[in-house]
Structures are given as structure tokens and as C-alpha cells.
Amino acid sequence: MSAASALSKSASKTVPESTTPTADSSTLPVGQHGIKEHSDGRFGYVPVQTRSARFKSVNVADFEAVTGREAVWKHSPVAKFTDLTAGALDGSRYTVESTPSADVSVEWVPRTDARIGTAGLPEERAAANAWSAFDEALAVTVSGEEAKEITVTRSGLGTIARGAHTIIEAKPFSQATVILHNTGDARLSENVEIILGESANLTVVSLQEWDDSAVHLANHFASVGRDARLKHVVVSLGGSIVRVNPSVRLAGPGSDTLLLGLYFADAGQHLEQQVYVFHDAPRSRSRVNYKGALQGQDARTVWIGDVLIGNKAAGTDSYEQNRNLVLSEGTRADSIPNLEIETGDIVGAGHASATGRFDDEQLFYLQSRGITEEEARRLVVRGFLTEVVQQIGSPELEARLQLAIEAELIGTDDK
Amino acid sequence: MSVLEIKDLHVSVETDQGTKQILRGVNLTINEGEIHAIMGPNGSGKSTLAYTIAGHPKYHVESGSILLDGAEVLTMTVDARARAGLFLAMQYPVEIPGVTVTNFLRTAKTAIEGEAPPIRTWIKDVRQAMTNLRMDKTFAERNVNEGFSGGEKKRNEILQLELLKPKFAVLDETDSGLDVDALKIVSEGVNRAKANTGLGLLLITHYTRILRYIHPDFVHVFVNGKIAEQGGPELADRLEDEGYDRFLVPSNVG
Ligand SMILES: Nc1ncnc2c1ncn2[C@@H]1O[C@H](COP(=O)(O)OP(=O)(O)O)[C@@H](O)[C@H]1O
Ligand SMILES: [Mg+2]
Numbered sequence: 001m002s003a004a005s006a007l008s009k010s011a012s013k014t015v016p017e018s019t020t021p022t023a024d025s026s027t028l029p030v031g032q033h034g035i036k037e038h039s040d041g042r043f044g045y046v047p048v049q050t051r052s053a054r055f056k057s058v059n060v061a062d063f064e065a066v067t068g069r070e071a072v073w074k075h076s077p078v079a080k081f082t083d084l085t086a087g088a089l090d091g092s093r094y095t096v097e098s099t100p101s102a103d104v105s106v107e108w109v110p111r112t113d114a115r116i117g118t119a120g121l122p123e124e125r126a127a128a129n130a131w132s133a134f135d136e137a138l139a140v141t142v143s144g145e146e147a148k149e150i151t152v153t154r155s156g157l158g159t160i161a162r163g164a165h166t167i168i169e170a171k172p173f174s175q176a177t178v179i180l181h182n183t184g185d186a187r188l189s190e191n192v193e194i195i196l197g198e199s200a201n202l203t204v205v206s207l208q209e210w211d212d213s214a215v216h217l218a219n220h221f222a223s224v225g226r227d228a229r230l231k232h233v234v235v236s237l238g239g240s241i242v243r244v245n246p247s248v249r250l251a252g253p254g255s256d257t258l259l260l261g262l263y264f265a266d267a268g269q270h271l272e273q274q275v276y277v278f279h280d281a282p283r284s285r286s287r288v289n290y291k292g293a294l295q296g297q298d299a300r301t302v303w304i305g306d307v308l309i310g311n312k313a314a315g316t317d318s319y320e321q322n323r324n325l326v327l328s329e330g331t332r333a334d335s336i337p338n339l340e341i342e343t344g345d346i347v348g349a350g351h352a353s354a355t356g357r358f359d360d361e362q363l364f365y366l367q368s369r370g371i372t373e374e375e376a377r378r379l380v381v382r383g384f385l386t387e388v389v390q391q392i393g394s395p396e397l398e399a400r401l402q403l404a405i406e407a408e409l410i411g412t413d414d415k
Numbered sequence: 001m002s003v004l005e006i007k008d009l010h011v012s013v014e015t016d017q018g019t020k021q022i023l024r025g026v027n028l029t030i031n032e033g034e035i036h037a038i039m040g041p042n043g044s045g046k047s048t049l050a051y052t053i054a055g056h057p058k059y060h061v062e063s064g065s066i067l068l069d070g071a072e073v074l075t076m077t078v079d080a081r082a083r084a085g086l087f088l089a090m091q092y093p094v095e096i097p098g099v100t101v102t103n104f105l106r107t108a109k110t111a112i113e114g115e116a117p118p119i120r121t122w123i124k125d126v127r128q129a130m131t132n133l134r135m136d137k138t139f140a141e142r143n144v145n146e147g148f149s150g151g152e153k154k155r156n157e158i159l160q161l162e163l164l165k166p167k168f169a170v171l172d173e174t175d176s177g178l179d180v181d182a183l184k185i186v187s188e189g190v191n192r193a194k195a196n197t198g199l200g201l202l203l204i205t206h207y208t209r210i211l212r213y214i215h216p217d218f219v220h221v222f223v224n225g226k227i228a229e230q231g232g233p234e235l236a237d238r239l240e241d242e243g244y245d246r247f248l249v250p251s252n253v254g
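For the protein sequence lines, the chains are U and R, in the order given.
Residues 1 to 415 (my numbering) make up the first sequence, in order.
Residues 1 to 254 (my numbering) make up the second sequence, in order.
Treat the hints with caution; some may be incorrect.
If you anchor each label on the Cβ, the simulated ranges turn out as follows [as the list claims (entries may be wrong)]:
| hint | chain 1 | residue 1 | chain 2 | residue 2 | range |
| --- | --- | --- | --- | --- | --- |
| 1 | R | 80 | U | 86 | 27 to 37 Å |
| 2 | R | 102 | U | 50 | 38 to 48 Å |
| 3 | R | 102 | U | 332 | 45 to 55 Å |
| 4 | R | 248 | U | 330 | 41 to 51 Å |
| 5 | U | 332 | R | 20 | 28 to 38 Å |
| 6 | R | 102 | U | 330 | 26 to 36 Å |
| 7 | U | 407 | R | 150 | 56 to 66 Å |
| 8 | U | 158 | R | 113 | 28 to 38 Å |
| 9 | U | 395 | R | 20 | 50 to 60 Å |
So, partial list: chain R residues that the calculated Cβ filter (under 7 Å) puts toward chain U [claimed, not checked]:
| hint | residue |
| --- | --- |
| 10 | 56 |
| 11 | 76 |
| 12 | 79 |
| 13 | 96 |
| 14 | 97 |
| 15 | 107 |
| 16 | 111 |
| 17 | 112 |
It is worth saying that the hints were derived from the structure and are not from the lab.
Note that this is a predicted model, so its numbers are computed, not measured.
Think of the CB as a built atom: it goes at the ideal place given N, C-alpha and C, for glycine as much as any other residue.
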């Protein structure tokens, strides 16, 4: 069907929230302090051509060589990771450390594992390259109804170009938080499949605290079953180029997802996230909230948020937003929300995106109240990012992230 | 007894057309507990004086000095001036994304006092001050000045004045853009602050109407970057009747 016609039909009547954007975005005086604001209901968004119809393949040879002009690559510095899109990848096992937890298993499984390919398939060449390359998949399998938290750490990937595959499965009615903690150096392209059985309640946190030189291209594919709930969190702080693209299919009736993102780009860093939510079942609900800060010369962030409300998805409710806070000159934040609606029967669909600047006038105002420059920056950034941090739901991780953010601010992060 | 002295202050700004002289020798002494009104036409340099006292980096002091109890203010950072006891209620208060009023007030109070205020009394003080200024409770959780109306921004400035308890406050056109009800509420706040702390006030205004509610001890007419005339409250009445025309004789017809 034509996405454009679906949009023009829906945009005028079924996008209630977007006509009243959140207080802070609607009142930012456009142009003052360099604030750019985007929030709409009637105009302003560019629909993707039916996102669900994008070409998919697990075979790298099915994709043309990457030029950087493709929709999925056009914001990324593709010349800096041709090894990951065009080279041969090492798909062997690597060292992982995981905290022990009852009812959670972490093991290597063969490519023939039945779960592989059930949550999603690659839509671009780096993902397909990784898929073609991996020898075994790392499988994290969660069962048991008690809440529990497990951290899986990768710290020794090194500089060899790698392809990897991970499965995170939450059995029906199970509950857990799985933290994927990434540190050290890496040149990695990977796919992560996240499978939620009926009524499972799973939080997945992908935490990027890579070394300065690391390049990480990740695609997360999630499939959320009936009445299941996925909280997915992308935290990108360290790394040279970090691109984590979560793609969530709300596959079962009543399924629910909260997609959170937190990123802090400093000088020279490229942090990107392309978020896709596919409402493919009735009464499904999604919320997307990504917030980023940028500081330093050539700090660069990209957020693309696609929401597709499919024709099976009657009674859905969705809202996505991205906000960026610019802390210095020389940065660039792209923020592109897309909404595509194939059914007229929805509870709500809206989006907002705004990029605000912390500027000298704000600094002067805070200082004129006795607050030091350093404290002023900390106040603003903490205030801005806390909303996301607090929703993660892991007190220990939240406390750690507050410290990590402050370290980013004063440039003392030892990356 | 605190005193704020401004001595032969010359200030310029950089513009696209080059350096522009704004203040041309301002002299003014304010003692604790005194209210000085500075009145002058638009563009005469009133805000420049206010910003220079607060230390805005855009304004270059060419010569002169500002002393607070004998200590040179001009060499202090902006935040140090606030901690030394100076406060500026701005003509155009700035929006701060991501920072709630509550968080902002507590951080500022902590910075100025050098230690966090005792939580229980602080919360009570903030509530009381907000009630006095007829500010809705929901203000506390909104981001500083974000989406505030003009009147709400001005109340928020006076809220800070009452809570931060400076020795000297400069109020830059706090009255402009306020309807009469808001003007009364804001004026009450200023008078309350003075009654409670005995601060000295520099009240910058274009119109005389705020002087009905806040009674100055001294009135200074500010024209072309300096004080052209000074007197008591009666000078304000004269300005009310005659306007500024008398001071604007075109001396530099060219
Ligand atoms: N930052 C600035 N850049 C350029 N010109 C300025 C700046 N600030 C003030 N001026 C100029 O200086 C003069 C005095 O301004 P201001 O102090 O704001 O006056 P007032 O507050 O009395 O209206 C005006 O002509 C104004 O245009
Ligand atoms: Mg002014």
C-alpha cells in the first residue's frame, strides 16, 4: 500500500499528541539560542517508504557495496569501517564474562539453533556480513518468574574485525534485566536477537563504554510476544563510531515496549541510533525516548526513529521522542522521526524532536546565582539526562551512569 | 553596614560596527537599606550598568571600579560576585533546559551559602515564598523559565531574590510587561525582601509606575551612559509629568 496516502489520511486525525507537544518543546523560542524544534501532526515529517518492505537478507552477497548514499548509511562515516561492511570478519568465539544468576544460562550455541533468525533479519550490509560470518551464537536464556539481573561483559575483542551474533531469549512469564556491557577496543559488527515469550518481562541494556578507538555497528532485532513487555536501553558513551540500531516487532496482542536511549558524544565521536518499532498486533503500545548530549569539536549524533503501525495493529498507542542538548560549538545532531500508519483505528501516535543549546546566556544566568561554571554544566546535563537514567530500573546501573555522565562532562572519562 | 560603590565606570561593547561606548563615567554609592531608582530612556545604558555589575562577559570595562565593602568586584567571576552578595533580577530571564526550579533554587542556595540548606526549613521557605508571590506549586517542577509567561519569569526572579538574600540587588525593568496585579505582587515581594534582610536596591525602570509600590530614597536620571541628574522621590514625579525630553536636547546634531 502507499505509505504516503496512509499518512495523509492519518496525519490530520489520528495523531492527537503531536498537536500538543510537551511543554518544553512547544515553548522553545525557535531561533533563540539556536534551538531547532520539530514537532508535528500535520506536516514536517518525511515518511519512509513502507519500512516493512525493506529488503532483508542474511547473505552479505545480496547487498551492493556500501557507498554512503543509502538511506541507512547516509549519516554514517562509512569510509571508516569498510572492513566491517566489505571485509572478511572473524566469527569465532570471544571471551565473555557474566555474573552468575539462577534461571539464566549463558552459552555458545551452533548456527543451527532454532531461535536464530526468528526475531529479525539484516537490512543492510554490515549486519548481513556479521550474519554470514559468525561460527556460534552467544545465547542468554532467561526463565523463572523472579526478577533478576545479569551482566554480560565483553572487554577483550581487540582490533580484529569481527562478526558476532547474540540471542537473548526470555521464556514465557519470565522476568529479568540483561546488561550487555561493552568495554575495551573493538571493530565489531553484530546482530542481537531478543525474543520475548508470552507475558515475559525483559529489560535489555546495551552499554557502550568502549575505548576511544572502537567501532561498533549493532543491529538489535526484538520480537515481543502476547502481553510481553520489553524495555530496551541503549547507552552509548565511549567509542569512536558507535551505531546501535534497535528494531522491535510488537508481534503479540497487548505487547508493550519502552525504548530508551542515552548518549553523550564528545569531540570526534559519532554516535548513531536508528530505532524502529513495528506495531504488528492489536493493542500494542510503544514509547521511545532518546536523549543525547554533545560536547566538543565534531561531536556527532544521529537519531532516526521509525514507527510503523501496521494494518493488524488496531487500538495501538505510540509516542516517540528525541531530544538533544548541545553543550558547545562544532557539534552536529541529526534527529529524524518518521511515522507511518496503515490503520485508522489507533489510540494515539505522535512524535517530537528538539535540539536545544546550552549557551553562554544560560551559563551567565546560572553563574549569576552563585553557581560555578562546572556546576552549571553538571546541573543542566544531569537534569536533562536524568529522566532517561531513572527509567532504567536498575539502581546500581543508574548510579554508575550518573557518575559516568559527569566524567564525560569534565572530560575525565579515561577512554 | 554594607556599601556598594560605582566609581567613574566606563563600559563598551563590541558590535559589528566596532567598539561602542555605552557607559561614560557612572558614579553611584548605595548603602545597605537604601533604594535607588535609576530612570532613563530606552538605550541610555541602564541594562549595561546592571549587566556590568553582575559581570556579563559581553561588556568590557574600560575604566573605573565597583567596590563592595571596599573589595573590587570587577576582578571577581560572575559566580563569585553572587556569592559576595550581589543579585541581578534580569530584564529578560533566561530559559534553562533540563533544570527544574526546585533543583535550581537548591543548587543556587547551596552555592551561595557554601553548604546545603537544612532540607526541612528550606522546603518550607520555598513553599512560603512561592505562596507569597502567588506562584502555583507546579512551578517548582517546571524547567527554569521554560514556557513561563513574562509575568511568571519576573516572579521567578523575585522568588530568587527572596530566597538567596543578597546584600545588594539590581532589578532591571522588573516592572515592564507586568499588569497591575502582577506589579503589586512583585513589588510586595521586593518590599518584603528589604524588610527581611535590609538589602540595598538599585531599581532600574523606564516608567514611574513601580515607584508607587516601591518607594525610592533616591532617584537618578540616566541619559546617554551616565547620571544626568539626581534627587529625591520628587524627581520621579517630575519625570512622570515632563518625560525625559528635557534631558534629550539634541547636543550632537550633525
Ligand atoms: N550586547 C550589545 N551589543 C551591541 N549593542 C549593545 C549591546 N548591549 C547594549 N547595546 C547598545 O547599547 C545601548 C544601551 O543599551 P542598554 O544598556 O540595553 O540600554 P537600556 O537598558 O537603557 O535600554 C543601546 O544603544 C544598545 O543598542
Ligand atoms: Mg534595558
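Hints and how they fare:
no.: 1; hint: 80(R) with 86(U): 27 to 37 Å; result: 57 Å, violated
no.: 2; hint: 102(R) with 50(U): 38 to 48 Å; result: 46 Å, holds
no.: 3; hint: 102(R) with 332(U): 45 to 55 Å; result: 33 Å, violated
no.: 4; hint: 248(R) with 330(U): 41 to 51 Å; result: 45 Å, holds
no.: 5; hint: 332(U) with 20(R): 28 to 38 Å; result: 33 Å, holds
no.: 6; hint: 102(R) with 330(U): 26 to 36 Å; result: 33 Å, holds
no.: 7; hint: 407(U) with 150(R): 56 to 66 Å; result: 39 Å, violated
no.: 8; hint: 158(U) with 113(R): 28 to 38 Å; result: 51 Å, violated
no.: 9; hint: 395(U) with 20(R): 50 to 60 Å; result: 55 Å, holds
no.: 10; hint: 56; result: 6 Å, holds
no.: 11; hint: 76; result: 11 Å, violated
no.: 12; hint: 79; result: 4 Å, holds
no.: 13; hint: 96; result: 5 Å, holds
no.: 14; hint: 97; result: 5 Å, holds
no.: 15; hint: 107; result: 6 Å, holds
no.: 16; hint: 111; result: 4 Å, holds
no.: 17; hint: 112; result: 4 Å, holds
Going through the hint list in order, the structure does not satisfy hints 1, 3, 7, 8, 11.
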